[in-house]
Amino acid sequence: MRSVAVVGAGLHPFGRFPEKSTEELGREAIVAALEQANISFQEIDAAYTGRVLQGMGAGLRVVTELGQTGIPVTNIEQACASSTTAFREAAMAIAGGFYDRVLVVGFEKMERGLLQTSDKQAYETVMGLAVMPAGYALAANRYMHEYGATPEMFAQVSVKAHKNGALNPNAQYQKAVTLEEVLNSRMIAAPITLLQCSPTTDGAAAVVLCAEEVARQHTSDYITVAGWASGTGEYVPAAKDGESHDGELNRLELAKLARTAYERAGIGPEDVHVTQVHDAFTPGEIFAIEALGLVDMGAGAQAVCEGRTEIDGDIPVNTDGGLLSRGHPIGATGCAMIAEILAQLSGRAGPRQVSGDPKVGLIYNSGIGGMNVLVLKR
Amino acid sequence: MTSSAAPRRGQRRPLQEGLFQMPEREGAPVSLTGNRCLECGEAFFPARHYCANCSSATLERQTFGPRGVVHTFTVVHQRLPGAAVDPPYAIVVVAMDGGVSAQSVLVDADPQDVTVGMSVEAIARTVLTDEDGVSLINYFFRPLAQHEESHA
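From first to last, the protein sequence lines stand for chains L and W.
So the first sequence is numbered by the working numbering: it starts at 1 and just counts up by one.
So the second sequence is numbered by the working numbering: it starts at 1 and just counts up by one.
Simulated from the structure, these hints should not be mistaken for lab results.
For clarity, every value in this text was computed on a predicted model and none was experimentally measured.
Where is the CB? At the ideal position from N, CA and C, for every residue including glycine.
Keep in mind that the hints are not guaranteed to be accurate.
As the list claims (entries may be wrong) - Pairwise CB distance ranges, derived in the manner of DEER restraints:
id: 1; chain 1: L; residue 1: P169; chain 2: W; residue 2: D108; range: 50 to 56 Å
id: 2; chain 1: L; residue 1: F17; chain 2: W; residue 2: R13; range: 44 to 50 Å
id: 3; chain 1: L; residue 1: D296; chain 2: W; residue 2: E60; range: 40 to 46 Å
id: 4; chain 1: L; residue 1: F17; chain 2: W; residue 2: T126; range: 41 to 47 Å
id: 5; chain 1: L; residue 1: E146; chain 2: W; residue 2: Q146; range: 23 to 29 Å
id: 6; chain 1: W; residue 1: Y50; chain 2: L; residue 2: R264; range: 29 to 35 Å
id: 7; chain 1: W; residue 1: A52; chain 2: L; residue 2: G96; range: 31 to 37 Å
Unchecked claim - The following residues of chain L were derived to be distant from chain W, with all beta-carbon distances above 10 Å:
id: 8; residue: S21
id: 9; residue: E43
id: 10; residue: E65
id: 11; residue: G67
id: 12; residue: R142
id: 13; residue: Q174
id: 14; residue: S230
id: 15; residue: G356
Given only the sequences and the hints, what does the whole structure look like? Please build it.
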């Protein structure tokens with residue numbers, strides 16, 4: 001297999017852009033990524049796109065904004081993990097020798113309001129069960145019961161996220177918030193308040209991948225895909241499920257995927273310098289850092305409160321504000337995570353830069369329908 | 001005209017088929033209807049055609065509950081478009097007697113009083129009445145009083 005390099009990334013700022021079309025959002029992200037990669041669109045061999053809500057064949061509409069070169073364009077929908085799945089498919093095609101230069105773009109325009117699970121199935125909607133934060137809230141209450149965590153600990157994730165988002169010009173929310181503001185915002189599903197929910201967002205993010213042997217023709221400033229693992233929730237026998245209510249969060253499966261990704265990358269969790277995780281709701285960051293092995297099971301909430309996941313902490317997490325503050329245009333989120341890791345490992349993260357010359361980045365992107373773990377290395 | 005009779009005002013039917021056996025009266029305790037894999041022994045609610053654990057197609061019908069214990073919960077304060085329940089309400093995940101987990105709304109209790117480990121019972125209740133006047137029934141959970149628990 002050939003080594004795969006990430007040579008460029010670009011974002012259309014995340015936020016609300018009612019006046020702009022999906023095509024415009026995607027185009028601006030693609031142009032920025034190609035520019036950083038020092039590759040022209042005419043050189044691209046294939047494109048993989050991630051989106052959820054933009055209608056049939058939306059990827060083709062976005063990609064051909066840059067030209068009709070006749071390349072294959074693959075549309076991928078995997079809920080909130082769409083664009084890391086698109087990235088994985090692109091990386092595998094390059095590793096297998098099928099393409100040399102591939103574009104990955106994620107984009108989304110979303111309506112305001114709570115995202116509903118289960119495709120608005122009548123039963124769960126009528127019963128009031130189809131409320132998106134409920135899955136995280138159910139797991140959070142069980143976690144509090146088992147480990148003695150408090151609502152303040154979950155809220156602290158949002159405080160940290162917004163502090164980082166305030167340093168990110170592409171973030172939807174660029175304003176710090178206090179613990180009191182988070183706790184006193186409207187209750188959605190206890191213990192999760194409004195400021196502990198990721199927003200609905202318009203935005204796009206693009207990434208350019210190359211075979212490493214080709215990357216050097218374009219730039220010396222690239223990172224490589226050192227390891228990855230993807231999966232869906234494996235059935236947990238009733239006897240084991242009693243340990244924690246995992247629900248849709250699949251923490252046991254994530255821990256397994258993380259071990260596979262580390263093994264493929266030849267590292268352990270202690271070698272990771274900067275991490276991006278799926279904090280769709282505040283408990284997500286705590287559960288993720290535990291399942292990824294960055295802290296012990298049950299120690300995640302305390303780690304957040306001790307500042308360990310801050311930019312200047314020993315396990316910096318979601319340095320760009322995460323889904324909570326950077327925003328969560330579901331199809332674009334995965335590529336935005338990759339863009340932030342590329343910026344961090346290239347020393348281009350400006351005021352958000354993690355110190356100590358970080359060389360290993362970790363990504364966990366999750367959606368209904370699958371989870372992706374990526375290890376990127378400089 | 002279709003062959004089935006038109007629904008009549010006052011009739012009752014489940015909100016969703018196959019989850020529980022319809023009791024005679026509103027508020028009566030109900031067992032939940034699922035199945036168990038004859039190959040590996042795993043139990044499922046709702047019932048599955050193929051075992052989630054071993055993919056066997058040999059499963060036999062089994063009922064669970066009506067009693068169980070709250071494994072976890074949340075109190076929902078946000079109104080959901082299309083929902084027939086009014087916030088605040090508690091969603092409970094219940095470890096049912098017989099070994100499956102079931103999720104529904106807690107009734108007959110202040111949602112703030114729900115705790116992990118609370119003993120509950122599944123009961124059948126009207127969720128809403130549709131445009132033909134038919135009552136749509138589903139299972140909910142209600143707390144078991146202390147003296148009821150002792151009979152368990």
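Results of checking the hints against the structure:
Checked against the hint of 50 to 56 Å, the C-beta distance between L/P169 and W/D108 comes to roughly 52 Å, which is consistent with it. The given range of 44 to 50 Å is respected by L/F17 and W/R13, whose C-beta atoms sit roughly 46 Å from each other. Range check, L/D296 to W/E60: Cβ separation about 41 Å, and the 40 to 46 Å hint holds. Restraint check, L/F17 to W/T126: a C-beta distance of roughly 45 Å satisfies the suggested window 41 to 47 Å.
Taken as a hint, the range 23 to 29 Å holds for the pair L/E146 and W/Q146, whose Cβ atoms sit roughly 25 Å apart. W/Y50 and L/R264 have their C-beta atoms about 31 Å apart, which keeps the hinted 29 to 35 Å range intact. In this structure the supplied range 31 to 37 Å holds for W/A52 paired with L/G96, their Cβ-Cβ distance being about 32 Å. Consistency note on L/S21: stated as away from chain W, and its beta-carbon is indeed over 10 Å from all of that chain's, at 27 Å minimum.
The beta carbon of L/E43 sits about 46 Å from the closest Cβ of chain W, which is more than 10 Å, so the claim that it is off the interface holds. Remark: the non-interface label on L/E65 is consistent with the geometry, its nearest Cβ contact in chain W lying 34 Å away (cut-off 10 Å). The beta carbon of L/G67 sits about 42 Å from the closest Cβ of chain W, which is more than 10 Å, so the claim that it is off the interface holds. Not every CB of chain W is more than 10 Å from the CB of L/R142 (nearest about 4 Å), against its label as outside the interface.
Here L/Q174 stays apart from chain W, with its beta-carbon at least about 26 Å from theirs, past the 10 Å limit. Every CB of chain W lies more than 10 Å from the CB of L/S230, the least distance being 20 Å, so the non-interface label holds. Non-interface call for L/G356 relative to chain W: holds, since the shortest CB-CB distance, roughly 39 Å, exceeds 10 Å.
Consistency note: the structure conflicts with earlier hint 12 alone.
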